[in-house]
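All chains, please: the whole structure from these sequences, using the hints.
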Amino acid sequence: MRKISLLALVLFGALLLYASSGLPGHGDPEGPSHRERSPAGSPVAAAHYIRHAEGDAASPNIVTVVLADYRGFDTLGETIVVLTAGLVCYLILRRSP
Amino acid sequence: MTSSSRNPILITASRLLAPFIQLFALYVIFHGHFGPGGGFQGGAMLAASILMLRLSVGAERSELKFRKSWGTPVGALGALIFAGTGLLTLLLGGRFLEYHFLPLPDLSRAELHSAGILLIEVGVSLAVMAVLVAIYDDIMEGTGGD
Amino acid sequence: MYLGLETALGLLLLASALIALRLRNLLAAAVTLSVFSFISALIYLVMGAVDVAFTEAVVGAGITGVLFIVVLFHTSRRSID
Numbered sequence: 001m002r003k004i005s006l007l008a009l010v011l012f013g014a015l016l017l018y019a020s021s022g023l024p025g026h027g028d029p030e031g032p033s034h035r036e037r038s039p040a041g042s043p044v045a046a047a048h049y050i051r052h053a054e055g056d057a058a059s060p061n062i063v064t065v066v067l068a069d070y071r072g073f074d075t076l077g078e079t080i081v082v083l084t085a086g087l088v089c090y091l092i093l094r095r096s097p
Numbered sequence: 098m099t100s101s102s103r104n105p106i107l108i109t110a111s112r113l114l115a116p117f118i119q120l121f122a123l124y125v126i127f128h129g130h131f132g133p134g135g136g137f138q139g140g141a142m143l144a145a146s147i148l149m150l151r152l153s154v155g156a157e158r159s160e161l162k163f164r165k166s167w168g169t170p171v172g173a174l175g176a177l178i179f180a181g182t183g184l185l186t187l188l189l190g191g192r193f194l195e196y197h198f199l200p201l202p203d204l205s206r207a208e209l210h211s212a213g214i215l216l217i218e219v220g221v222s223l224a225v226m227a228v229l230v231a232i233y234d235d236i237m238e239g240t241g242g243d
Numbered sequence: 244m245y246l247g248l249e250t251a252l253g254l255l256l257l258a259s260a261l262i263a264l265r266l267r268n269l270l271a272a273a274v275t276l277s278v279f280s281f282i283s284a285l286i287y288l289v290m291g292a293v294d295v296a297f298t299e300a301v302v303g304a305g306i307t308g309v310l311f312i313v314v315l316f317h318t319s320r321r322s323i324d
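Protein sequence lines, in the order shown, are assigned to chains C, G and P.
Start counting the first sequence at 1; every next residue gets the next number (my numbering).
Start counting the second sequence at 98; every next residue gets the next number (my numbering).
Start counting the third sequence at 244; every next residue gets the next number (my numbering).
Please note that a few of the clues may not be correct.
Which residues of chain G face chain C? A few of them, derived with a C-beta cut under 10 Å, are [stated by the list, open to error]:
#1 H130
#2 F131
#3 P133
#4 G136
#5 A173
#6 G191
#7 L194
#8 D203
#9 L215
#10 A224
#11 V225
#12 V228
#13 A231
Because the hints were derived from the structure by calculation, they are not lab data.
Quick reminder that beta carbons are idealized off the backbone N, C-alpha and C, glycines included.
Next comes the structure, spelled out in structure tokens:
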């Protein structure tokens, strides 16, 4: 059983390495996420963000604009998740004596 | 952990370092528009400075900076600032989190978006700081520790 | 771009993960986990994701390390019964 799992692990690692050889390189300007059009022909969101972020929110950090403005609802959900973690710790750990 | 193991060098060094860490955390929060950082990172750094004080000078003296009972209310206040900004724009005729409906005078549309981002960064940083400190306090409280 | 640097950091990452797994001393393992988080933050930095690296350095190497060590000090290694 141990040998089979080890063999499966090695095979899975080899498969991942083989798949990673097909990825585009770091910062490749011809990569699929940096083109204006996706391979399917629809417009890519990243090009819109890079072009419009500074004009839309008067701040040069595109990451902040995407996190807080274009994807603000996601960040609200993230904050609610953090708050829920705190509340759960409060409910579990602070038992009334 | 116990008060007998308190070291004067540790206490002095951490009390000297804590204000600078908090100042850098505020810089990270309010400079998030122009450089790396933002609400989550700055809030976590504020929490780290308070946890450093909690560990070194002890709970009863570090409570002068942040009380144990404040954790959950301040976290809820941070989430409320975030959601309240969204609801305010909703009430003033926009969509949820559409910042150019914020009631601030003499600002262009892009500057209004910048101000709205700043508001919600402050909310996120308050929530993250309070929740991280509250988790530490809950662990100490639940084991009857310190 | 920085292939040598990335390879060295990746090997360090693997080494710290293996050390954290094999150590019997739990306090040393928690500290090694902080080292793991910091090396992964450096890898994010090399890849150009500065914000992610910042979050990983603050949360992974700072807060979770503190929480792990506090929990370690409040538990005992063997059960009582």
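Original post:
Looking back at the numbered hints, which does the structure fail to meet, lowest number first?
Top reply: Hints 6, 8 contradicted; others consistent.
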